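Chains B and C: place on chain A using the hints.
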Amino acid sequence: MDVKAKNVLEQRVYANADIFEGRMNAPLLKVEDLRAYFFMDEGIVRAVDGVSFDVQPGKVVGIVGESGCGKSVTMKAILRILEPSARIVSGKVFLRTRINSQNQQGDEELLDLTKLKPNSKRLRQIRGAEIALIPQEPMAAFSPVHTVGNQIIETIRLHQDVSKDKARQIAVEAFRAVGISMPEQRIDAYSWELSGGLRQRAIIAMALSCNPRLLIADEPTTAIDVTTQAQILNLLRNLQKERQTSIIFITHDLGVIAQMADEVVVMYLGMVMEKGEVNAIFKNPQHPYTQALLKSIPSIQSASRIKLPTIKGSIAHPFNRPKGCPFHPRCNRFMRGICDIDIPNFVNISETHVVGCFLHSKKTLLPTADK
Amino acid sequence: MSNNEFKKTTDNEQIKSFDDEQEKVLPASAVEPSTEAGDLFIANEAEDRVSVASNWTLVWWRFRKNKLAVVSVVILLFLAVVVLVPDFFATGDPEKTEAQLAFIPPQHIRFSFQQGRLRTWVPSVTGARDPVTLRMVWQIDETQPIYIDFFGRGRPYRILGLIETNIHLISTVNSEDLYKLHLLGTDRLGRDQWSRLVYATRVSMTIGMASVIISIILGLILGGISGYYGGLADNVIQRLIELLQSLPVIPIWLALTAALPRTWSPEQVFFAITIILALRGWTTLAREVRGRFLSLREEDFIMAAELIGCSRARTIFVHMIPTFTSHIIATSTLAIPIIIVTETSLSFLGLGLRPPAISWGVMLQEAQNIQALALAPWLLIPGVLVIISVMVFNLAGDGMRDAADPYGH
Amino acid sequence: MVGCAVFMQQTQERTAKMLRYILQRILIIPLLLVLFSIIVFALIQAPPGDFLTSYIATLAASGSSLDVTEIEMLERQFGLDQPVHIQYIRWMGNLLVGNLGLSLEFRRPNADLIMERLAPTLLLAFFAFVFTWIVAVPIGIYSALRRNSFLDYVFTVLNYSGVAIPNFMLALILMWLAFVYLGMGVTGLFSREFELAPWSIAKFIDMLGRIWLPMIILGVAGTARLTRILRSNLLDELNKPYMISGRARGLSEWQLVMKYPVRLAINPLVSTIGWYLPELFSGSLIVATVMNLQNIGPLLLRALINQDMYLSGAILMIYCLLAIIGTLISDLLLIWLDPRIRLEKSLT
Numbered sequence: 001m002d003v004k005a006k007n008v009l010e011q012r013v014y015a016n017a018d019i020f021e022g023r024m025n026a027p028l029l030k031v032e033d034l035r036a037y038f039f040m041d042e043g044i045v046r047a048v049d050g051v052s053f054d055v056q057p058g059k060v061v062g063i064v065g066e067s068g069c070g071k072s073v074t075m076k077a078i079l080r081i082l083e084p085s086a087r088i089v090s091g092k093v094f095l096r097t098r099i100n101s102q103n104q105q106g107d108e109e110l111l112d113l114t115k116l117k118p119n120s121k122r123l124r125q126i127r128g129a130e131i132a133l134i135p136q137e138p139m140a141a142f143s144p145v146h147t148v149g150n151q152i153i154e155t156i157r158l159h160q161d162v163s164k165d166k167a168r169q170i171a172v173e174a175f176r177a178v179g180i181s182m183p184e185q186r187i188d189a190y191s192w193e194l195s196g197g198l199r200q201r202a203i204i205a206m207a208l209s210c211n212p213r214l215l216i217a218d219e220p221t222t223a224i225d226v227t228t229q230a231q232i233l234n235l236l237r238n239l240q241k242e243r244q245t246s247i248i249f250i251t252h253d254l255g256v257i258a259q260m261a262d263e264v265v266v267m268y269l270g271m272v273m274e275k276g277e278v279n280a281i282f283k284n285p286q287h288p289y290t291q292a293l294l295k296s297i298p299s300i301q302s303a304s305r306i307k308l309p310t311i312k313g314s315i316a317h318p319f320n321r322p323k324g325c326p327f328h329p330r331c332n333r334f335m336r337g338i339c340d341i342d343i344p345n346f347v348n349i350s351e352t353h354v355v356g357c358f359l360h361s362k363k364t365l366l367p368t369a370d371k
Numbered sequence: 001m002s003n004n005e006f007k008k009t010t011d012n013e014q015i016k017s018f019d020d021e022q023e024k025v026l027p028a029s030a031v032e033p034s035t036e037a038g039d040l041f042i043a044n045e046a047e048d049r050v051s052v053a054s055n056w057t058l059v060w061w062r063f064r065k066n067k068l069a070v071v072s073v074v075i076l077l078f079l080a081v082v083v084l085v086p087d088f089f090a091t092g093d094p095e096k097t098e099a100q101l102a103f104i105p106p107q108h109i110r111f112s113f114q115q116g117r118l119r120t121w122v123p124s125v126t127g128a129r130d131p132v133t134l135r136m137v138w139q140i141d142e143t144q145p146i147y148i149d150f151f152g153r154g155r156p157y158r159i160l161g162l163i164e165t166n167i168h169l170i171s172t173v174n175s176e177d178l179y180k181l182h183l184l185g186t187d188r189l190g191r192d193q194w195s196r197l198v199y200a201t202r203v204s205m206t207i208g209m210a211s212v213i214i215s216i217i218l219g220l221i222l223g224g225i226s227g228y229y230g231g232l233a234d235n236v237i238q239r240l241i242e243l244l245q246s247l248p249v250i251p252i253w254l255a256l257t258a259a260l261p262r263t264w265s266p267e268q269v270f271f272a273i274t275i276i277l278a279l280r281g282w283t284t285l286a287r288e289v290r291g292r293f294l295s296l297r298e299e300d301f302i303m304a305a306e307l308i309g310c311s312r313a314r315t316i317f318v319h320m321i322p323t324f325t326s327h328i329i330a331t332s333t334l335a336i337p338i339i340i341v342t343e344t345s346l347s348f349l350g351l352g353l354r355p356p357a358i359s360w361g362v363m364l365q366e367a368q369n370i371q372a373l374a375l376a377p378w379l380l381i382p383g384v385l386v387i388i389s390v391m392v393f394n395l396a397g398d399g400m401r402d403a404a405d406p407y408g409h
Numbered sequence: 001m002v003g004c005a006v007f008m009q010q011t012q013e014r015t016a017k018m019l020r021y022i023l024q025r026i027l028i029i030p031l032l033l034v035l036f037s038i039i040v041f042a043l044i045q046a047p048p049g050d051f052l053t054s055y056i057a058t059l060a061a062s063g064s065s066l067d068v069t070e071i072e073m074l075e076r077q078f079g080l081d082q083p084v085h086i087q088y089i090r091w092m093g094n095l096l097v098g099n100l101g102l103s104l105e106f107r108r109p110n111a112d113l114i115m116e117r118l119a120p121t122l123l124l125a126f127f128a129f130v131f132t133w134i135v136a137v138p139i140g141i142y143s144a145l146r147r148n149s150f151l152d153y154v155f156t157v158l159n160y161s162g163v164a165i166p167n168f169m170l171a172l173i174l175m176w177l178a179f180v181y182l183g184m185g186v187t188g189l190f191s192r193e194f195e196l197a198p199w200s201i202a203k204f205i206d207m208l209g210r211i212w213l214p215m216i217i218l219g220v221a222g223t224a225r226l227t228r229i230l231r232s233n234l235l236d237e238l239n240k241p242y243m244i245s246g247r248a249r250g251l252s253e254w255q256l257v258m259k260y261p262v263r264l265a266i267n268p269l270v271s272t273i274g275w276y277l278p279e280l281f282s283g284s285l286i287v288a289t290v291m292n293l294q295n296i297g298p299l300l301l302r303a304l305i306n307q308d309m310y311l312s313g314a315i316l317m318i319y320c321l322l323a324i325i326g327t328l329i330s331d332l333l334l335i336w337l338d339p340r341i342r343l344e345k346s347l348t
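Protein chains in written order, with our numbering: chain A, 1 to 371; chain B, 1 to 409; chain C, 1 to 348.
Think of the hints as simulated: they come from the structure by calculation, not from any bench.
As the structure is a computational prediction, the values presented were derived from the model and not from experiment.
We put the beta carbon where it would ideally sit given N, CA and C, even for glycine.
Interface residues of chain B toward chain C, partial, derived using beta-carbon atoms under 7 Å:
#1 SER246
#2 SER345
#3 ILE370
Isolated chain A (complex conformation) (with noise of 0.2 Å):
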């Protein structure tokens, strides 16, 4: 194959490359015991330690957890666009890319993420063009002194090699995929001009408009109405079915992880409990978080008059991360002595389906780094 025809210095930056030869069903991307910290004046915040999860292709991944887990962290290390104060410590993020975005059936190559410089031109061909941010304020999203045509042109002459009336024209092509109406006119609205759904319609199809083989949705559904959220996740699965684009879906609903996902990942404090296939996760869940946060999910179907489950406790201040698992103590399930010691190993329920949790586990995680 040609990847071993490539610059040897390149090879020496795929770890493990041998893994993913000849094997079918490789991973678009492998997250490898990804670590994030954020260096601040008051003390270091961890906000991702320890997560791994793999991307197939034409696959959407579910990422859930409460406000502060870490999950738009995640996002932002895999693009590595984390803020100044902000590093990736340690990990692999693993990327299987085509060489020439534009070429569907090119040759491809393997790379580690976490070894280019985050300004590099490579990592910048990588963005938009292999893989797409949809982010999470989609008003906030696009400049408001610029048209959303200016900005969504600029995107696609910046990884394709066309004229700027072409590049217009895919854009209108674009917009009319996601199904705003006018896309001629459209194209040269601000984005305040457009109302919330449509604006979304917009992101997505910028996202879109460079054929990304993977999708980051950060909430995409955070903030927009209920009806016109069901119209976006429509679309969105619609889209993903023609184009096999895999998607990283990160969210707080699990109604909505419950629509889209293909597998789950569940994040607490930056790490994961727990992993696998949507259908096991949502009718097996093992770990005690998991199974309250599905306990919690109000139904139209539950007696009425009763309390609403809630977990109780808060997530903990950042600087104070509690030692052990960091869930423990909102657990029900906590063992003195053990949970607050060390962090449980992965234990495989199934083989799409690893949870990490002392009650399943005796054997605890490799010291962790902070000992």
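Just chains B and C now, with coordinates in the frame of chain A:
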């Protein structure tokens, strides 16, 4: 659709319910157990302290972190003391002229050990007339020291007009030497610069503060009326503000001060200049106050105050104004240096305070002439004080503004 | 397709609103000028005493005197024997036809005196303005991007100093330094040979060689302030969500910064033009006086001190006009730059 499935499956699970209050497993860390009322915050001592601190305490804590601002405030306090008791700092008579003593250079304070004691002294100067230029040339004569006494006795004066005393910060051991002490030299008329500087500080700073206080009062009243009552009053005041703000500042000020009759006494001129300088300053504050009043009017807590029967005045003074007092203080502190510089510029040009009044600007008038300046560069020292006071006010004001409103201006 | 129709209609409404706003701003100018003229007239009438007689007395004391015919002409033109409001109307009438009166000190028409000095005044202000922006924008951007670096620290110190030093102090210090160490007497915008000559390329070049010092002195305070504002605005913008989305799309940091935050941070800057231009003219007054430049500022000062009434009145009106134009330019620029204001501003 999917929701139903979840509910069914989780119900069938053999999981202990969270609502099971019997299962109170206390976490290992020493915190308050969460109550039955639910998931309230697990507080710790530090958070408690913060939550019960009053607003001013919080502002003070934030201000304290800004070292530059704290140093500036200390310097300001020192200047305030100078303003209050200038006589203490002065060494001689600021008005006494002696043409023969013109352009004496500053005398440097020296320390030396004599007879086992540390003594401070200043070399005296002897003058000789240069036969060619006919100017007085001063020579430093170290054989004739003038001994300095800190907190010594000098000319009598009254502290704040009340307490009679004659203690000065710097004075000479021998009282006959007093008139020979010129720590910052003399000017063209032989006047002691150090003493003049002290009194000039008082005048310049007072004008700055008085002017800003008048601006604040005007701004609060007019801005308040404008914002609270709205309607015609608001319109009129707004047009007035727009008009005043479009006037070109310095030319109009010049014209105003030129219109003051020559016959007025220095005190009257001082008073008039203070008011003139305040006439433009109130507009900015009025605009902001109006804006705040307009938005505060809609706030629920104001409606609540009115509903429980607070009078209009009480609502305004007890409920509305305190929400932005810290902002007023911060912006006023930043406005003072502008006034000081303006007064200095006006007096420098000859159209502000006039002699015999002493201000930094009046003193700097002596430095207008380049030739004179070349002879006596120490005449620029009042300008240095202007720069220092402006910087200090700016730093303190910035610090206050950041402490009061850290998220925006 | 209701959305269609609504969209079209909105665009039309917006353009109409914008035109209306521009028209409003322009029409208000004459009104303002009239109001200002009343204020100015009151100011120049304010010094007590009958202007003419006391003036003649002063002139007599200093040795020059006016012709009887000249005095009569003045009285006629300006109605000095009439009540105040008639005098005002006469004066305004004269102004509008370009008769700015006679200078009693120089014994020349005011219009001539002013025209001689108008060009250098405008040029100095223009150069100082350009200098300010050329220096402040790069420094501001650099300071925001390399926050807390060594250079940023240096610039911050310079900024605080620049704002703190009154411009006449700076002028004095620099002039003193030049005099003592370089033996230069730096005064005037023109060398002797060009002073009274008509404009030519050579005169212009000569002026360029001497205008740099006053330009820098005048511009320092404004540069310092502008840099600080630009830096803080940019810092606000740098972590806004659209920056994150921009980075995620693959833009380089440099492209990103130049296109978006700079554009957005420039807006508040442009609104500062509204008060900066008038301030430049005011400030040039002081600097020009200290440095003995041929501007209308020192002329005004002299006129005020000597109570040369119509001269000071005319110059004051010019300053007012410049101030109004400055505000107008700033408003128009702002509207052009920021579509939000252009299209959304409530235009009352």
